[in-house]
Amino acid sequence: MALQSLDIKARSATTTPSPAVRETLKVAKLIDVSKCIGCKACQVACMEWNDVRDKIGTNVGVYDNPPDLTEDSWTVMRFSEVEVQPGKLEWLIRKDGCMHCADPGCLKACPSPGAIVQYSNGIVDFHEENCIGCGYCITGCPFNIPRISKKDGKAYKCSLCSDRVAVGLEPACVKTCPTGAIVFGSKDDMMRHADLRIIDLKQRGYGNAGLYDPPGVGGTHVMYVLQHADMPEIYHGLPKNPTISPMVSLWKGIAKPLMSWGLGLVALAGFFHYVTVGPNEVKEEEET
Amino acid sequence: MMRTESALIQRYTRSDRVNHWVVAITFILAALSGLALFDPIFFWLTNLFGGGPWTRILHPYVGLLMFILFIGMAIRFWYSNRLTAADRQWMKQWRDVIGNHEENLPQVGKYNAGQKYVFWALVIALPLLLLTGFVMWQPWFTPYFSIGWVRLATVVHALAAFCVIVLIMVHIYAAIWVKGSVRAMTRGTVTAAWAKQHHAAWHNEISKGAK
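Those protein sequence lines, which keep their order, are chains A and B. Here the working numbering is used: the first residue of the first sequence is 1, the next is one more, and so on. Here the working numbering is used: the first residue of the second sequence is 1, the next is one more, and so on.
Be aware that a few hints might be false.
Unchecked claim - Only pairs whose alpha carbons sit at most 20 Å apart, straight line, appear in this in silico SDA-like list of lysine to any residue:
| hint | chain 1 | residue 1 | chain 2 | residue 2 |
| --- | --- | --- | --- | --- |
| 1 | A | LYS35 | A | PRO232 |
| 2 | B | LYS196 | A | VAL282 |
| 3 | A | LYS256 | B | LEU167 |
| 4 | A | LYS150 | A | ASN130 |
Claimed, not checked - Derived contacts from chain B toward chain A, CB cut-off under 7 Å, selection only:
| hint | residue |
| --- | --- |
| 5 | VAL150 |
| 6 | ARG151 |
| 7 | VAL155 |
| 8 | VAL178 |
No lab work stands behind these hints: they were computed from the structure. Beta carbons are placed, not taken as given, at the ideal position from N, Cα and C, and that holds for glycine.
The task is simple: from the sequences and hints, build the whole structure.
Printed below as a string of structure tokens:
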């Protein structure tokens, strides 16, 4: 959810250009998993800034709390206990939430004009007042992020604090992170910052440390530094090579234009059959 | 007056007609609301249903109602739509069909092969639409299915809906094209001459039975 903006790069279900006179710097949030202590301050900051409160839940036997993203919890710490080498337990804590894909599957799938927008700074934002609640954004998302509210039937997810970023502030989770595991800035700066972190991690024995900025979705505006970048799946199922599903591409990329044109052609074919071949009338005179 | 009345043949009963038209009405509503959700080019159709959220809310209920009402039609017309060898011949001569050269075609019973294929395509497509529609039904049922199934269902739903819409467009056009057909479904009767020309085998059957 955000205010009127003049820097819209893409708008759902819209073929004409959107207000785009203002060009903004490409931004990114970098989450260094190796620095995260799982304190969940970012979850608190998120709900405070956005002023949403999830229901008090129950402990489901793991540290994840709440156990999943919801319409009120736009970010959740995912805790994974992994033995990357036998006998060496690692506690991997990944801050889950919208990745703000450069090629967003949600926006591609959304049928409602202006319910999803992508700003030129890279943030993918939901405008809930235009949301019709069909859930196609969930169908299109390669990361399983949007959630439909039981209360109002609208889809919600992390906005990367587009309202804060628009006025030059960093997202609430970044501001609150006590260890500096979450940093925010231009995408270029964040990639440089990540490079230094990866050099450091490699020196500390994490030979496969690397940046998670998956090219299959055009790169993301939320990136991770992973100790084991060769195995993103061990971070609570972070997909190795996320892309917009071929099913979604078939649906929105091929079927949609072909079928709509097809219907038009069928209508035209009928009309021109009538004006060329003509109607089939009863030839025989009616008899008694 | 007397002459025309005596030349009329009953083709559909009152309940056949009511059944057909309730399915037709729900189909139009389901198709228009479905297209609105399928392609932004048709999003303006949501205005007919009170906006985007209402279109999304109503579409599955209308579709479900159409399916339930169609069951009646499927049962009613099942028997008369069984395919025969003559139907295959009829389909092979599609050029004669669209060129209005009916005299070259084999004698047609109550339904021609085109009508029969439309019927069977609907018998297959509507259950598919129902099943995939449940998988897509937010917020009630979709959360119970994995994302892979939801995506597959979405594509199959679109494909099946496209086929049904095309078939119904052909069906409606055929009624406009073949003069004297519409009254079969609006008033229940056709003229004897119409029956002889388009459904000769059916006409013979009826006349024999009458004698």
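Hints versus structure:
1. A:LYS35 / A:PRO232: holds (16 Å)
2. B:LYS196 / A:VAL282: holds (9 Å)
3. A:LYS256 / B:LEU167: holds (18 Å)
4. A:LYS150 / A:ASN130: holds (17 Å)
5. VAL150: holds (5 Å)
6. ARG151: Nearest chain A Cβ about 4 Å off; hint holds.
7. VAL155: holds (5 Å)
8. VAL178: holds (5 Å)
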